[in-house]
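Chemist: Each chain is listed here by its residues.
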Amino acid sequence: MAEFIASLEHVVKGPVWGCQMCGQCVLHSTGMTCPMNCPKTLRNGPCGGVRENGHCEVKPEMRCVWTKGYERTQAWPLPESWKEEFNHLRPPVDNRLKGGSSWKNFFSKRDKWTPKGWAATTEEAGE
Amino acid sequence: MSRLEELITKTNESVFTAEFPSLDGNGMEKAKKAADRFRGWFDGVNATDNPAAHAHASNLASAIAMKQLGLEPIMQVVCRDKNRIAQQADIVGAAMFGIENFCALTGDDVTAGDETEARRVFDLDGPQLVRLMSTLKRGQYMSGRKLDPAPPMFIGAVENPGAPPFEYRVQRVAKKYAAGAKFLQLQICYHQDRMERFCAGVKAAGLEGKIALLPAVVLVKGARPLHFMHDAVPGIDIPEEQIKRVENASDPAEEAFKQTLEIAQHALAQPGVRGLHVTDFRNDDTLERLMTELGRKRVLTSTEEEQ
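Those protein sequences? They're chains A and B, same order as listed. With the working numbering applied, the first sequence has no gaps in its numbers, which climb one by one up to 127 at the end. With the working numbering applied, the second sequence has no gaps in its numbers, which climb one by one up to 307 at the end.
No wet-lab data here; the hints were simulated from the structure. All the pointers check out, no bait thrown in.
Dumping the calculated DSSO-like pairs for lysine-lysine here, alpha-carbon to alpha-carbon at most 27 Å:
no., chain 1, residue 1, chain 2, residue 2
1, A, Lys68, A, Lys83
2, A, Lys112, B, Lys82
3, A, Lys83, B, Lys210
4, B, Lys146, A, Lys116
Where chain A lies over chain B, by a calculated footprint (3+ residues, C-beta under 8 Å):
no., region
5, 103-111
6, 173-183
Only a predicted model underlies this, so the values are computations on that prediction, with no experimental measurement involved. Virtual Cβ for every residue (Gly too), placed ideally from N, Cα, C.
Construct the entire structure; sequences and hints are all you get.
Modeler: Below is the structure:
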């Protein structure tokens, strides 16, 4: 069943968003632009290497994923909470979830898990 | 508390940091020469972490060498080459040797280097690395395992005021500040209007005085390195008139110095700017001239005097 959900998710999200099946989707908070398509797989981009034309440091022919995400956050009629979340500090990727369904991990809240040290520092920072 | 932290958090004095040269085969010899040049001028010197994705003596080894030579190291940690486990090991290892200043960077991509076939890591990104450093500073590894005693750390990061999306760069400052950064070394920016907008934005966001901005300036000998930076370093754009100004001057080396001095003075006048980060590609007397023109006196600390 888990494999079927993952395949379904891949079929739906792959062609539209270039989904890389990280298993912990943050698309809503990144201007509907999959950050796993950033060559550095940054969850908190853009980096300092964005070119003058807004293109990627690594792939000059490609528009920077994060510049695109930022522009979409400004221009698209997304919910205000999603727009606000663009500025949030997204936690590191949990590599154990790669290849699985983020839908499943969303409903089970598995995708909210962060390492204890990270969670404690985040709590202390009041986030 | 490191001397750099004390200067930034307890005084209003301008703070100057510099980029230490990369060390290779003749590491200690080169380190001694560079230390003699820098000693007394700078409040902190960056021990770089494989800059531009080229392998050199490690950030940790360079930082220890600098410490032994009486300089105040700022250990850079980039995300390109190591995962979170190795990054924590390096930071905790550095703390063993009394290194307290750290600067978190995402890092240039492997494609900027001379081993472009290498695997890129980026297990964490720059802002996450800042938060990781804050976690270590609290006395915990990322896993939650206790780190006792907690290492004294002064945490910084970098930002590029001159790269798109310009309006969003201030939000990144806010993000890094929230993650625990207390100073930001800024990428070299030849667009003065962009620097002004960036610093005004930091002020408008209420971050002036909370996070120390240290814009970078570069000492170059002529127009060639300006062309190189403009053409080959993603994220750096130099207006044509700035390059032409040096290129067409009767004395390009002197014109390049004047240009750097103007950029430095302009940057120092912006809100939130606490000092400068200096990169010296000239290796001549202009380093001393620049610092003197900016009102800096060469003062040796007690540790430096012993050298």
